[in-house]
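Engineer: Listed below are the residues making up each chain.
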Amino acid sequence: MSVERSFGNALRFGRTMGRGLRAVKWRSVALFLSALVPFGLLINVMSAGTLYAIALLGGLFVSYLLWSYYVVERNPRYESLFGIRALAVGGVGYLATIVWLGWLTPSPIAIVHLGAVVLIFVYYWFIAFIAFFHDQIGRSKYVPRPPYPNVTVLIPAYNEEGYVGRTIQALLDADYPAERLEIVAVDDGSTDGTLAEASAFAATSDRVSVVSKANGGKYSALNYGLLFADGDVIVTVDADSIVDRDALKRIVAPFEANSRIGAVASNVTIWNRDSLITRCQQLEYTIGVNIYRRALDYFGIVMVVPGCLGAYRREVLEEVFAYDPDTLTEDFDLTMKVLRAGHRVSVSDARVYTEAPATWRDLYRQRLRWYRGNYMTVLKHWPVVTDSSYGYLSRIALPFRLVEMFFLPLASFVILAYIAWLVLTGYVMTVLAVFVFFTSIVFLIAALGIQIEGEDWRLLVYAPLLVVGYKQFHDALNIRCLLDVLIDRDLAWTRANRIEQDSSEERESAPSAD
Amino acid sequence: MTAHPIRCPRCDAQSVADERIVEHDCGHVAPIDAFGDGCEKCRRQADSETLTDLQTVERCLECGHRSPLVPEEGTNGPLPAVSFPTLPTPEQNLSWVPARFVPESRFRRGVLSTALVAMVLLAGIAGAVSVTPMLETGPTDEASVDTDWEEYDSLVIFRNDDIQPWYNQEEMRAVDEVFIERDVPVTLGIIPDTNGSAALTEDPEFCEYLQSLETDHPGQFEMAIHGTTHEPVTDFYGASEFGGLPEAEQRERLAEGEALLADCVASPSSTFIPPMNTYDTTTVEVLAESNYTAVSGGQWFTDEYYDTDNETYFRAGGLTHVPETQAFENWSAYEEAGEDDDGDVPFHDLETLTDSFDASHDENGVHVVMLHYQYFTTDDRLEKLESLIEHMQSEDDVGFLTVEQFAEGLEDGSVEETDDGWRVLEPISAVSR
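So the protein sequences, as listed, match chains A and B. The first sequence begins at 1 in full-length UniProt numbering and counts up by one. The second sequence begins at 1 in full-length UniProt numbering and counts up by one.
The hints are simulated quantities; they were obtained by calculation from the structure and are not laboratory data. Every residue, glycine too, gets a C-beta built ideally from N, C-alpha and C. It cannot be assumed that every hint is accurate.
[Stated by the list, open to error] Residues of chain B placed beyond 10 Å of chain A at every Cβ, according to the derived structure:
(1) E23
(2) Y305
(3) E386
[Claimed, not checked] Below 20 Å or equal to it, Euclidean Cα-Cα: the simulated SDA-like pairs (lysine to any residue) are:
(4) K25(A) <-> T114(B)
(5) K41(B) <-> R314(A)
(6) K25(A) <-> Y298(A)
(7) K25(A) <-> K41(B)
(8) K41(B) <-> G342(A)
(9) K41(B) <-> Y298(A)
(10) K384(B) <-> E329(B)
(11) K25(A) <-> E329(B)
(12) K25(A) <-> L122(B)
(13) K41(B) <-> L61(B)
(14) K41(B) <-> H381(A)
(15) K25(A) <-> L116(B)
(16) K380(A) <-> K41(B)
[To be verified] Each pair of labels, with its calculated beta carbon distance range:
(17) Q169(B) <-> G49(A): 26 to 32 Å
(18) W166(B) <-> G58(A): 42 to 48 Å
(19) P177(A) <-> R20(B): 32 to 38 Å
(20) E386(B) <-> S107(A): 33 to 39 Å
(21) W360(A) <-> S83(B): 57 to 63 Å
(22) D488(A) <-> R20(B): 54 to 60 Å
(23) S83(B) <-> S275(A): 18 to 24 Å
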């Protein structure tokens, strides 16, 4: 009898294990672990001093993360201890220590070189690992289930003729209970046929209403539209975006699962992938935005709920007084306000399709606004950086963001100058070798992102441009925007032209609501 | 607020009134009534200067529902035709593969996707693996060291020949220790397969020792190839392993030696030290093809073969020739009288060695000292080497280099001859390989 029972237990255990193993996404595991090879090789060619320096910084970083977890989750009494300021002091002490121990020769190149290597390690083994882990176990945690909440979708629109109708139609086609869905298109004083196009839908569907106001900017349109919203969850959709059929169900699911979640981000996908520049942007979204967002989701500190599709609890929006006029990236600013109010911000698998700028000029204009807005927003919320009471936001999310916004663009050009010097002094093959080596790491990171996001494998062809070319374009733009913000230049909205719309000077000069 | 006779579209109550919506400077949008006590968002005062009219709407006083004012005539046109672009979906990942190559069954499509992942994975790893050896010799770490030009009156190069496994290993380590203690770089002339019966790779302990020298004393020990078997294969200029042999045979011999040395040390150098100090123009051609930068034979030979006049270095055949200018051993005495009382090849006396150096130093020359470790069998002999180095170091402004550092430095400009000596970009070990 006991033999039979043991056999039965073993069989059940075997089945459970079998189910577990079948649930593992082995391709992601293989891709993630394959990076061990280049990292192993990198360690092998490093000098002992560099290796010790990285290990010491890794120790400092892990201690900081563990301490952050302890004070945020277990013992907030000590939250003021070993925060970001102490970490900065620790960083200076660390530099002094490794110079004193002879592990680093103090020079700008050596410091940037060490910083770059450390960031590659951190990015992969922290950010990519959490995203990978999230993908393995976490994606199913927000399964859409009835009852679904009452939702109001706000569509701010300025001169979106030819687009806004499609956006509304995609929302009407979405798989969401009709009696719980309300669509409010906000015409922000358009000078084209946007109002007429949206009103035509309002005339045929009682789920759609259109409100109109004088032109005032996207923040103003959204704040105005909010007055007409009856839903418990407010979803914002850009007037040029197309939501996936199950996007609404997916984006509201986290609210039902966790009452601490105040806002939910979506997964942005570019649909016009017919040029090098739009494919580069998709790869950037796949590994730079979505993977990063997935990692921060683990801590409930997703930093940007994208304007093209995002959702908020109504009471949270009202608590923070919705959108402010003082930055160019109102989505980033609002997300920061939600996080500062103590709410979690999560990411969902709701997919939204958007049209990416198709020329370098348009990309330049779009990113000019984004990067200026990013710097404006970070400076606006600067007190959070030094206030440890904001938990993971000030301890993890913002430090990463600051490194990304302030260190990386500058470091990129120091490294570029160094590479130019190497080439001029005859080390062409070494430069090529370094390029191939780092491209192979980016290649594997991109492959992991593509596997996790279910993206198109052809995008991998563009991975080298994320090392040289496309990357420097963005770094240069970041530096320019940082200077613009610091010297307080007149920072007007800039808007990319659309491939399905003609450009007009009038449209470009007015504040836009998309 | 003006009451209307119309009914609320939501609750049907007949209590709809106009409501004026305004925006405060801080961005807060609300009905004008909400600003009675100032702005609830920014707590600042709200007046006609800080408030902007946005719109007037209808609001039900019963249920609070707001409706926009009825749109103007003409805004409600026919429903526009909407067309959607082709949207990428995760299920279309193989859409770019020609249809005839996409399997019909889901399982086979999965296998195809997995194969693609495996290819990506292998491509990424292969890319990294293939360039790693180039990274190892790259200047990434070294270039971060601060460098500075140093002026020297003369340069000294030590060349320790006949390094080989098994034979007199204690003596070999003792000589190396002298250079380590004095912090003087030295070029080791390593025989890959002595007499064709002592391949380097057959003595892992020996190779590990050489590698430890490379790791523990970077830039101090140059691992140069010293022929292949070190046998006198021809009678070219008395005896030679390479000189006088056909080109193909020289190439083959060199390749054999290179393979063994590459398996034994981490960074074989680009210097060739011909056994018996002799080589011919064919040797130089073969070496240049194999990317060598320097050949170090004997000055007695180069003066005769290249018709030079006590040149301590010169360019010929695409290589820098850096011949030995002073042997530690007294080969003339050995040829005349054989071994000394201890049964070893006799050494020059210290005075001869120091005088030779002094002459070179006075002429701002390059002094290349050749020695053979196996003859340093007694403490007295080691002390003679120490004394010579001590004498050299007692002079101000003497630079010590390896053959490779000197030859490559001349090529890349980190070593320059000046009117009154030399200038070297130090530390030369960080600048060169």
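Engineer: Now look at each hint and say whether the structure bears it out.
Structural biologist: These are the hints, each one checked on the structure:
1. At roughly 6 Å, the least C-beta separation between E23(B) and chain A is not larger than 10 Å, which violates its mark as non-interface.
2. Annotated as non-interface, Y305(B) keeps its C-beta farther than 10 Å from every C-beta of chain A; the closest such distance is 31 Å.
3. Chain A leaves E386(B) outside its interface by the beta-carbon criterion, the shortest separation being 28 Å against a cut-off of 10 Å.
4. Our distance criterion of 20 Å between C-alpha atoms is met by K25(A) and T114(B), whose separation comes to about 11 Å.
5. Taking the CA atoms of K41(B) and R314(A), the gap is near 16 Å; set against the 20 Å cutoff, the hint holds.
6. For the hint linking K25(A) to Y298(A), the alpha-carbon distance of about 19 Å falls within 20 Å, and the restraint holds.
7. Of the supplied pair hints, the one linking K25(A) and K41(B) is violated, its CA atoms being roughly 48 Å apart against a limit of 20 Å.
8. Between the alpha carbons of K41(B) and G342(A) the distance comes to roughly 18 Å, so the proposed pair stays at or under 20 Å and holds.
9. At roughly 31 Å between alpha-carbon atoms, K41(B) and Y298(A) are farther apart than 20 Å, so this suggested pair is violated.
10. A hinted pair counts as satisfied when its Cα atoms are at most 20 Å apart, and K384(B) with E329(B) qualifies at roughly 11 Å.
11. Distance hint between K25(A) and E329(B) is unfulfilled; the C-alpha atoms sit about 70 Å from each other, more than 20 Å.
12. Between K25(A) and L122(B), the direct Cα distance comes to roughly 18 Å. Compliance with the 20 Å bound is thereby established for this hinted pair.
13. In summary, the hint linking K41(B) to L61(B) is not supported, as the alpha carbons are separated by about 24 Å, beyond the 20 Å threshold.
14. Simply put, K41(B) and H381(A) have alpha-carbon atoms about 17 Å apart, close enough for the 20 Å limit, and the pair holds.
15. Restraint check for K25(A) and L116(B): the C-alpha separation of about 15 Å stays at or below 20 Å, so the hint holds.
16. Our distance criterion of 20 Å between C-alpha atoms is met by K380(A) and K41(B), whose separation comes to about 16 Å.
17. Look at Q169(B) against G49(A): about 31 Å separates their beta carbons, and that is inside 26 to 32 Å.
18. At about 44 Å, the CB distance of W166(B) to G58(A) agrees with the hint of 42 to 48 Å.
19. For the pair P177(A) and R20(B), the supplied restraint of 32 to 38 Å holds, since their beta-carbon distance comes to about 35 Å.
20. Distance hint check: the CB atoms of E386(B) and S107(A) are about 36 Å apart, consistent with the given range 33 to 39 Å.
21. With their beta carbons about 28 Å apart, W360(A) and S83(B) fall outside the hinted range of 57 to 63 Å.
22. A hinted range of 54 to 60 Å for the beta carbons of D488(A) and R20(B) is inconsistent with their spacing of about 34 Å.
23. For S83(B) paired with S275(A), a C-beta distance near 21 Å keeps the hint of 18 to 24 Å intact.
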